[in-house]
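Visitor: If you read the protein sequences in the order shown, they are chains A and B.
Position 118 of the first sequence, counted from 1, bears residue number 118 in the working numbering, the numbering being contiguous throughout.
Position 44 of the second sequence, counted from 1, bears residue number 1044 in the working numbering, the numbering being contiguous throughout.
Just so you know, not all the hints are guaranteed correct.
Straight line, CA to CA, 27 Å or less: simulated DSSO-like cross-link-like pairs of lysine-lysine [said to hold, decoys possible]:
#, chain 1, residue 1, chain 2, residue 2
1, B, K1102, B, K1014
2, A, K319, B, K1197
3, B, K1319, A, K197
4, A, K309, A, K319
5, A, K307, B, K1197
6, B, K1319, B, K1307
7, B, K1307, A, K197
8, B, K1197, A, K197
Covered stretches of chain B, going by a simulated chain A footprint (3 or more residues, C-beta under 8 Å) [stated by the list, open to error]:
#, region
9, 1129-1136
10, 1164-1171
11, 1174-1181
12, 1204-1215
13, 1244-1256
It is worth saying that the hints were derived from the structure and are not from the lab.
This one's a predicted model, so the numbers in the text were calculated from it and none came from an experiment.
Beta carbons: idealized from backbone N, C-alpha and C, even for Gly.
Spelled out, the chains give:
There are 2 protein chains.
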Amino acid sequence: MNYSRQHELTNIAKIVLEHQNFTILCHRNPDGDTLGAAFGLCFALRQLGRRANVLCSDPIPPRYEAIYQDYEPQQMEEDYVIAVDIADTQLLGEKLASYADKIELCLDHHVSNTGYAHISFVDPASAAVCEFMCFFVEALGASMTQKIADALYTGLATDTGCFKFANVTPQTHRVAAALLEAGAHHWQINRRMFDIKSRGRLMVERYALDNLEFYCEGRIALLYLPWELVQRSGADDGELDGISGLTRQAEGVLCGITIRQQPSGALRVSTRSSEPFDCSRVCQALGGGGHPRAAGCTLSGPLEQAKAKILAQAEEELKGCAR
Amino acid sequence: MNYSRQHELTNIAKIVLEHQNFTILCHRNPDGDTLGAAFGLCFALRQLGRRANVLCSDPIPPRYEAIYQDYEPQQMEEDYVIAVDIADTQLLGEKLASYADKIELCLDHHVSNTGYAHISFVDPASAAVCEFMCFFVEALGASMTQKIADALYTGLATDTGCFKFANVTPQTHRVAAALLEAGAHHWQINRRMFDIKSRGRLMVERYALDNLEFYCEGRIALLYLPWELVQRSGADDGELDGISGLTRQAEGVLCGITIRQQPSGALRVSTRSSEPFDCSRVCQALGGGGHPRAAGCTLSGPLEQAKAKILAQAEEELKGCAR
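So that you can see chain A by itself, here it is in the shape it has in the complex:
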């Protein structure tokens, strides 16, 4: 993080420290980064004698238990509202929607942040909010306890696929080193986040391996997950997102397509690609959008028609990719 951005964080820390009571908001369908950053910040503020609570519209999945196990909400009058890892107030979810116009400070790393807060610190160069939160904790003058390090490590690891993705920079590893120095239970956290799978997730994985279809000489893989299976498995959204990534695992696959039937009957399409295949173009052509490596759209049924549509677009995109 360069000097001017660090300086910004220092100034924001001064403003924050003028207040006593904090409400910290996570995004709906919470992931490791929004939770890790929110609880890490909460613990730092409490250490400094402030009152602070973390709120989320949705229940926190049990796999993040280690982050919040010792957390108890505190009685307080609301004062200063901070949103973490929330690009848009739409992502507050139903229960927190009323906070949309009361957010004093937003700490985020999404380039698409809509600037809804009074003060915004958005750092797309950070792989996770937890990455720069490490500097913010320091700027606040809090010490990096093991509990804070565990929370921040969780977000850093989950947003980078355990340091596997293209968003990792030298700074990401330097922050990880600092969190390990502070005693983060890194491998125990990683085991919980990346190795242990619920029976439901394993059920869907097994179905995926049995039902993956290959097209265009194995360069496109397609998986259809019927609603009945998803429901029976009990796998949550985060677990199902992981399944989308499996489609491009097979050697030679450039584009993996997952079609998830919704309870309404609509078909939610997630695509994942390898260079040089641009799946955002495929999804845009069908009314969706996203990034070159991960994009999505929603199609109406029947399934065979939807499959034909997405496969036709993907084949078109494939033509532009050299063998």
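Given chain A, work out where chain B should sit, using these hints.
Guide: Same frame as chain A, now just chain B:
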């Protein structure tokens, strides 16, 4: 790495630089660490005007291609022989066995190193040989090129499960940061090492998910891989080792057992456990050995008898584990 160990590396570098021609040996069934460290060192020595070759008893699996793609063996008279990541001369393999008593320098991180070389530098505090090789390249006075960084990053990532395992330390992350600064193609390497799976590996995974058996209220998982399947899949040893890890993925499993039928009919057992289950005790009782989290043994058939034996031992060990 503390000062005295760094000083040792500096002294070893001085001795190495007195020589002109180098033969660098990898262990049999080569993995990312032995290859990354050997080629990284080879490129560094060539950069310093020396002649250097890398030798291995077994063919190098194609997934490591990025490490050695520009490598061409050089004509030279043999001079100074260096072994990397080789704990015991047994691991040289058949083709390199004749080097066993000619090894001048051994660079390793296995605590079990037998001290067979004239000079040994063994650093069990390093998660990978590639971790301290980063310091050795510096001690030699070579610059950390992108090519060397790619080689060393490969070993660092593969020996730590992409920074996921308990062997990762703050130093591991600091070295990773330095390799990324030097331009290592980190996410491309990670994709090749951790995401892309051969059709053979996927075939075995699919079989595993379909055939995993659970015992003791889901706390023990057992998988049997018949030789016919392994042969048909064409999956190599490294790929099959990954399968053993899958057995303890299911939530609640403390011990995962994989039984691989060998062409001879013998049954090779790999066990993987989660704390507090000690699978080395299970395997020791059956004539094998290993670490608390990963151990192995070999049993004779028939399968049902072997299964009963290993399950009885595992149940015994389970009694000592609190629920």
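Visitor: If a hint holds in the structure, say so; if it does not, say that too.
Guide: Status of each hint after checking the structure:
1. Simply put, B:K1102 and B:K1014 have alpha-carbon atoms about 20 Å apart, close enough for the 27 Å limit, and the pair holds.
2. A hinted pair counts as satisfied when its Cα atoms are at most 27 Å apart, and A:K319 with B:K1197 qualifies at roughly 24 Å.
3. This hinted pair checks out: B:K1319 and A:K197 have alpha carbons roughly 24 Å apart, not beyond 27 Å.
4. At most 27 Å may separate the alpha-carbon atoms for a hinted pair to count; A:K309 and A:K319 meet this at roughly 16 Å.
5. Among the hinted pairs, A:K307 with B:K1197 is consistent with the structure: their alpha-carbon atoms are about 25 Å apart, no more than 27 Å.
6. Distance check on the hinted pair: B:K1319 and B:K1307 sit about 18 Å apart at the alpha-carbon level, within 27 Å; holds.
7. Our distance criterion of 27 Å between C-alpha atoms is met by B:K1307 and A:K197, whose separation comes to about 25 Å.
8. For the proposed pair B:K1197 and A:K197, the alpha carbon gap of about 19 Å is at most 27 Å, so the pair holds.
9. A stretch counts as covered by a chain when three or more of its residues have a beta carbon under 8 Å from one of that chain; for the region 1129-1136 of chain B and chain A the count is 0, and the coverage is violated.
10. Check result for the region 1164-1171 of chain B against chain A: holds, 7 residues qualifying (beta carbon to beta carbon below 8 Å, three or more required).
11. For the region 1174-1181 of chain B, the assignment as covered by chain A holds, since 6 residues bring a beta-carbon within under 8 Å of that chain's beta-carbons and 3 suffice.
12. A count of 4 residues in the region 1204-1215 of chain B with a Cβ less than 8 Å from any Cβ of chain A is obtained; the coverage claim is therefore met, three being the minimum.
13. Check result for the region 1244-1256 of chain B against chain A: holds, 5 residues qualifying (beta carbon to beta carbon below 8 Å, three or more required).
This entry does not satisfy hint 9, going by the numbered hints stated previously; all others are met.
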